[in-house]
Structures are given as C-alpha cells and as structure tokens.
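Trainee: Chains A and B, in that order, give the protein sequences.
Per my numbering, the very first residue in the first sequence carries number 1; after that it's consecutive.
Per my numbering, the very first residue in the second sequence carries number 1; after that it's consecutive.
Hints should not be assumed to be uniformly reliable.
As a list, the in silico BS3-like pairs of lysine-lysine whose alpha-carbon atoms are at most 25 angstroms apart [to be verified]:
(1) B:LYS193 <-> A:LYS48
(2) B:LYS311 <-> A:LYS92
(3) B:LYS181 <-> B:LYS65
(4) B:LYS281 <-> A:LYS48
(5) A:LYS76 <-> B:LYS152
(6) B:LYS338 <-> B:LYS65
(7) A:LYS60 <-> B:LYS152
(8) A:LYS60 <-> B:LYS193
Because the hints were derived from the structure by calculation, they are not lab data.
Because the structure is a prediction, the values reported are computed rather than measured.
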Amino acid sequence: MAGGHGHDSHGHAETATATPPIPEGAFLAPGNTEMTWVEKLYLPEIMKGLGNTFTHLFHKTFTVDYDGTQRDDPRKFHIPREGYRGEHYLKKDEAGHVKCVACFMCAAACPAECIHIEAEAVPADWQDRERYPKRFEIDLLRCIYCGMCEEACPVDAIALSTTYNVVADQREAKVYNREKLLHRGEELGISLTKHHYRPDGIPGHVPEKKAGGH
Amino acid sequence: MSNPVETVEKIAPNATSAVYKSMSLNLGPQHPATHGTLRFKLEVNGEVIAKCDPEIGFLHTGFEKLGEYRNYNQFVVISDRANYLSPLANNIGFAMACEELMDVKVPPRGQYVRVIMAELARIADHIISVGLQGMDLGAFSTMLWTFIEREKLYDIFEAVTGARLTTSWTRIGGIFRDVPKDFPDLVRGFIEKFPAVLEEIEYMLSRNRIFMDRTIGVGALSREHAIQYGVSGPVLRACGVAYDVRKSRPYLCYNDFDFKIPVRFEGDVYARYLVRLAEMKESIKIVKQALEKLPEGPVSALDHKVTLPSKDMVYQDMESLIHHFKIIMPGHGVIPPKGEVYSCTETSNGELGYYIVSDGTGIPYRIRIRPPSFYQLQTFPLQTEGKMLSDAVAVLSSLNVIAGELDR
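Same shape as in the complex, but just chain B:
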C-alpha cells in the first residue's frame, strides 16, 4: 500500500516543508467527526497536516469540582455524564472506588449483575464506535444498523435501571434495586441475536476496499509511544500490549470467567477496529457465563451503615428507619475513613480511574477522574502530524474520544 505522504511528496516535492506558507484550519468544534465539542487547531500545508493542537476546553464540565459539593451517593449521577456512551461502566467504576475506600464487599449477585451490565455497556460503546468509524469513512448505513443494536441494549438498560442514558444505577455498596425478574431472558434475547449483526458489520466493512484503504497503516502508533503516553484500552491492545484491567487487576468477579484479551500488532486504525470486534465477542462470552452462574441473594451489602435498608423494613422497623435517615441526611451515613484510594476499571475505552481523597466527612475532599479518552487524545498529534487531513478523521473516530470526559 502506498503511503499517502510519500505520494504527496512525489506530486509536490516541497509541500510538506516550511517553505510553503501553511494555512491554519479548525477541525471542530462543530465538525461531524469530532463526536462532541472538540476543536483541533491545524496547520495545513495543502492537504498535509503540519501541526495539530487539540483543544479540549469547549466542553468544560466541572465534574471534579461538582464532586466536592455532593455526597458519595450523589456523585453517581455525575459519573453518568462523564462518558455518555457507556454510563453504566462509569457508575460501576465510581462505586467500586468508594467501596475500596470503605472496605465494603458487594454480595455475589450484585457483582455478577454488575459484570453483566458492564459488559453490555462495553458492547453498546464498541458497536457505536465501530458504526461511527464506518460513518466517518462514508459507510452511513452500517452506522444506522449499529444504532438499532444500541437501542435494543438501551431497552435492557431501561428495564433494569429505569433510564436509557442517565442510568445512575449503582450506589455505594451495591445497586439501588434488584434487576427485574425477566432480566436473564432480556439479556439472552439480545445476546443470541447479536453475533449475526456483528457478522453483518464485518461483512460490510472488514473486506471493503474503501474501508481498508482508509484504515490500514493509518495512524499507526508504536508500542513504545502507546505506553509512554499512557494509552489504554483497544488502542493500546491494537499496539500489541495485552493490558486489560480485568486481567491485570481483577475486580468484581472477573476471575470466575473464561475470556481472553484480543491483541493486534499493527497499531493502526484497522487494528483498533479488529480489536473492538473481537472484544465484543469476548464480552458476549462473559455475559453468557455470568448468566449461567447468576446467583440468588441480595444485590447490595447488608451493612446498613452503608446501604439503604429495604423499603418494607423502613416502613415497619424503627431501627431500619433510623439507618435510612442517617444514610441520607448530610453529615451521617456514608462516611469513609480518612484516606485516599485509586481504583480503576476497564471500560470500553480503557482504564477508567477514580482517585478519591476522603477527609472523614460525608463529602469527598477531592475526586479525580482518569478518563481513558484523554490519554488517547494526547497521541492524536503524534498520529496525524505529517499525514493527510482526511486521515485525521479516521484516526479520531478510531480513538473514540468522548468529549464529555476530557475537560472535567
């Protein structure tokens, strides 16, 4: 395959040199490929990007500051909004960090249900990512089909959490309510039909010459650079590093399941696409196993110093009513000991970390989010400088940058 830069140099020998006056060009903040409000200041020589400067402040959200004014359970609703493609994974990541800080153990059923929902969220995120990758390269219909799949997943999320997007599902020590009775059937119904859809997407994209020409060799990131820049998730695994938090620092009950980490060695856009496809198949495997083993029992810890007692108890039992009051009223309830914790989970984009400092009150002293997309966006200039402008779009959609979590 011909390297586009070499081609350009052949046509116009000095086009990439500073002799030619460069032009500054804005990619975003209102560009369809930025998938959010994200701006790139580009210096272009003809069609070649000489300099790329990402600017993330267009979607400043202030999540970390908001976290200093809300108690631990209330921050869950903010974690929804950080990654709007897989809010469930964010809920789980935050709740887990607090549980580690407070040393609370979630019962097995809670852990299994969390794993199932986290994997479904991963599928929802990856399928949209793959679809949008197709859309950015001109395959519009594939994107529409992937959105149908996400809608089906959102129907499951709606039945389980009560909301389609802003799920706010977890609480410290568990989940705010058990899953509905028909939950296994709902998930099985999706999981059984989903592989056929994946096959169709592969059929449409994987061997399509336009897609291959636009992705193979584009945005190749070396293994060393990926590690240096702190990249994680599919982008890192496409560079040949088998780093997955689910394996390297097993959380919840991931040790109970048989799954493997897909890797590729090319590090380019096509490799990321392949890794995402393979990861969805692994996720299906995990969900299937978790459904088979799904235990009975409570979904939240029974320590009512941390979790709310059931409503039936609250209506009848004085002690439960007191616990109920204490957990919700400010200054009582969920109060972690003084200290700090860093906890990370593997979300669809990579390692999502929460660093929480507790000063021994009901409100966190500091919450810092380590969003996976931020670290991937850092490599964007590295991948695009000296390349064609149209490649920038392909690279950006393959990084699956979520603008909401960049500038917290």
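Looking at chain A on its own, in the form it has when it is part of the complex:
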C-alpha cells in the first residue's frame, strides 16, 4: 500500500513539471484538466446537461415498439436485409425433390457440429443423382448461425433465411428435420430459388411478406 502511494505521487510530480515532448507521429489529445470558476460552480454545467437532455425528448425515437405480431411494419419489427444469417431452410428442385445430395459438406464445415445427416440411395425414379438424405437434422439450439453450411453447399441446397425470431417452448421443436426444413422454405416462398445471396446486386431470394410466415 505504501508503495502504491509512492508511485502515485511520483507520477503526479512528473506530469506537473513539464509536458514531455510529443513523440513523432503522435499528437496531444485535446482536453483541459483545469476547471474554470464557472465550471467549479457546478450548477451551470448541470443546467447545460439537463437542457441538452431535454432536447432529446423531441428527437426521433430510434427503438422499435416490438410486440412480435406486426411483422411487416418496420416500426414494430426489425426486418433484416437480404443476406442476413437467420434460420435455415432446404431448397427443392423442379421435380419437387429435396435438392440435397447428402455429400456431408455442410456437416463437415459446421463449427458447432449441429448438422446430422444420414444418406440413402435415391428411389429408382430419381435420375439426377445417387444419394439423398434419409435424415437431415439441424439442431438449432446448437447452431451459431455462422452461415458456413450455406457457404459449403456445392449444390445450393441449404440456405439461411432472414428469419431471426427463433423461439419455441419445447427443445424438441428447435431440432429441425428434413420435412420441417423443406416446409420452412415453402412457408417463406423461397424453396425453389436458384441463387444464393450475392452482394453484387444480382437478386437472390426475396423473402415474401405474408401472414403466418416470419
């Protein structure tokens, strides 16, 4: 403790004597540590601060009045831009089959290890590939929404929607299986889109605003 005192007084003495030279490439951050007598009076500053705070009453409100119901209204619900990394969905091809070819790339890329796939040989009438996922599960409680599965998919089968309102009252309800993931895409009207999100302006999926879906 005594040592602490010693160092402290030493530091003060050093700064009080003279400002050391400013090193090259640096500048003294503007500021004054001395108070004028008006500032020492304390009341003028308080009035200044209160006055400024008062003007904020008339500023535009920045927050949204979230109640979770009016999902088309930007004043009630934050609507993310395209390219947001929200809940997953699986896409379908023209024949209405799941696009996924069960290559396990998304499962390998996933840092949270939340994707579980079981592959199976396709039914005889599917001409375009050899395998499809018999079981495709994403544990959204483990998922960290990093988007690496979407990035890893070589056939554009899995994608992240802009849905961020991810609540459920059962743990089991947040483990999405293949049907649920396909259904999510249908619900949002984006299960047939061909392009993933691209920031260069070429349109990808545009989430449809409709009642029920979010």
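Assemble chain B onto chain A, guided by the hints.
Mentor: Structure of chain B alone, referenced to chain A:
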C-alpha cells in the same frame, strides 16, 4: 484537486493502516460495473481499498482448447466471441495471423474493406466504452445515446456480414463475401452524422464537474508501470507512450492513410477518456480516406488452394468443385506449413495477438490469444490499492475490461 486518500487520512488518521480490522468485500461477479462476470476480492478499511485481488475464472471460455479441435476457418467463429464489443477486429486479427503463417496475400479491395470495418469496430467499441464510463459515474443518459450509435453501426455490420454481433466475417485469405453495393453510402451516412454525436458527448461529459472530479487524477498509471505490465491501447497512450500497432508494425494497408496517434501524459481515467475520443476522430479520418480510395476487384485471394472459389464456378466448373471440396473436407484444404507465427493487430483495447503453432495438418496444434484487456486488468490492483472504493469503479470502466477474453 484534493487527493481522496489524503482526505481520508485527515478524517481518520489510522484508517489506512493495518491497525484497523479490514473487511473483505466482493466487487462482482454480479456487479453492474464489472461489465461481464468478473470478481474482485477486496480488502477494505472503511472506504479505502487495502488489497485488491482480481479473479477472472468466472467466465472461463476455453477458446484456446476449442481451437485445437477446429480447422482454421472454423476458428473464426470463436474469435467473434472473445471480444464481444468488437468482434470484427478479432476476426481480422485471427485471419491475418493465419495469412502470415501461410504467406497468403489479400487483394487490395479486401484489405481496404477490412480496414474500414476494423475502424468502424473501433468506433463501436470506444463509443460504448465512453458511454459506460459515463454510466458508471452516474451519467446514464449519455450511455443510452452511445448505444443508439452502436445500433447504427450494427445495422451496417448486419448489411455487410449478415449478423449484428457474431459476425464471423473473415476467412483465411479474405472475406466470405463481398460488401453490398450500397456499402460506401451506408458508411458515409454514418460517418457524416457521427461527429455531431461525439460533440454532444463531449458537451455532456468533458467539462462536467462531477465527471472531472471523479476521473482526473484517479487511477493514474505511470509510464514505467504501463510498459512493465505490458499494457497497450488507449490506456498506454494515455500514459504518454505513442505505441500503436498500426504505426509500429503496419499491417493491411494502414500505410496508405494519413492519421496520427493521440497521446496524453496524465495516465489517469480522464486522459484515457480523452484519448478514446480523439481516436474515434482519427478513425473517422481513416474510414473517409479508405472510402475514397476503395478499389474494385476481388476481396479474397484468388488462390483456390486457400479460399473457396465463387459459387457460380462451383456449380459449373469441375476443377472449382474439387477445390471447393478440398477446402471444406477435413484433412485437405487450408493446411499451413509446419511452423509458428505471432501476429498482432491494434484493436480498440490495444494489441490483440494470435500465436499459432501449426504441425502441418488442417487443425492448429495450438492457438494462443493475447487479449489486450488481460494485461490492463493486471494493473488494476496497482491503480486501486490505497484508493477509495468508488474510484475502483471509475478505473475499471476506463480499462474497458472485456471479461470474455480474460480466461480463454
């Protein structure tokens, strides 16, 4: 200005001596001023702290161990969570360390975009730090206004990265996707309005007597101690050391920009506050210059042994598909040569270092993080022992300790 300790000694001459029985007091882990789960075991004599013992284990995260089970690209998501006030800066720091290890060069556009986002992350961190500093000293409304600014920044981050907080933005060799078309407009829209907000915060805090009384001369750290303890960032620059990794070991394209390092010589809480304000203004300058010069072109290295080829290529071109598979499948792809690297970047809190040891496989042998806050927290007992209890709160918020990166 009267020294509070002297005042105490005048009122109660023996209060700071061991004659009086001291009381042990916990500051945290559930204290609003700790900004995270952080505990200080304090021995107090009256209102004077006799002994201070920081305990960091309440937020053990195990990031470094997790790094030994994930490949290089997957660790980016973990680096998000180390500093939850500026995850982008952490992403960039980690990706840069790997790029140095693998000798990969990021194209100019990638570097410029990284610089812009790193500086925006610095502003987001500093503005919250300044706001919380005000809050801890009783100025609550300023904190709310600074949070509005951060929300605006998070809107930009959301448009660019797809997430507000857990950005996971960089990949080894670049960025996982280009910035949106309206990115310069978004950033300009923020940068133009931001100086007015800074002015308002200065107007509210800088000359406020309560704020000045609680900060000037409080937690003064000498230049020698700061260097001895390995302190970096605004806390070090407030002690008069012009050390900034952006200048001393220029990375990305920081050499292209005209900016200076703000310093103060007092080393106290007020000086740190002033340095942070000045740094935000310098950051605005850097962002403005970077936006003007923002080049066209790819954002990631075109070496597809390291970065993923574009999706259009993957859908059409066999070779690209093979590259794509090899990068993602374990045991192929991003494999640095055997060796080790230490790379550091200047984040808002100071020097963020990543030390990576590679054994020539796809998974790092060891990742060590040098978090800036950890070194600043070490000086906390030095700054608070023998001082008033209320000063500890002011000192802690000025150090801007991020509990998430303390116990990795």
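Trainee: Next step is simple, just say for each hint if it's right about the structure.
Mentor: Hints and how they fare:
1. Proximity of LYS193 of chain B to LYS48 of chain A is assessed by CA-CA distance (about 22 angstroms); at most 25 angstroms being required, the pair is judged to hold.
2. A threshold of 25 angstroms between alpha carbons decides the hint, and for LYS311 of chain B with LYS92 of chain A the separation of about 18 angstroms falls inside it, so the pair holds.
3. The straight-line distance between the Cα atoms of LYS181 of chain B and LYS65 of chain B is roughly 39 angstroms, outside the 25 angstroms bound, and the hint therefore fails.
4. Among the hinted pairs, LYS281 of chain B with LYS48 of chain A is consistent with the structure: their alpha-carbon atoms are about 24 angstroms apart, no more than 25 angstroms.
5. Distance check on the hinted pair: LYS76 of chain A and LYS152 of chain B sit about 17 angstroms apart at the alpha-carbon level, within 25 angstroms; holds.
6. Between LYS338 of chain B and LYS65 of chain B the CA atoms are separated by roughly 19 angstroms; this keeps the pair inside 25 angstroms, and the hint holds.
7. Note on LYS60 of chain A and LYS152 of chain B: the hinted pairing holds, with a Cα-Cα distance of about 14 angstroms set against a maximum of 25 angstroms.
8. The straight-line distance between the Cα atoms of LYS60 of chain A and LYS193 of chain B is roughly 14 angstroms, inside the 25 angstroms bound, and the hint therefore holds.
Checked against the numbered hints above, the structure breaks only hint 3 and satisfies the rest.
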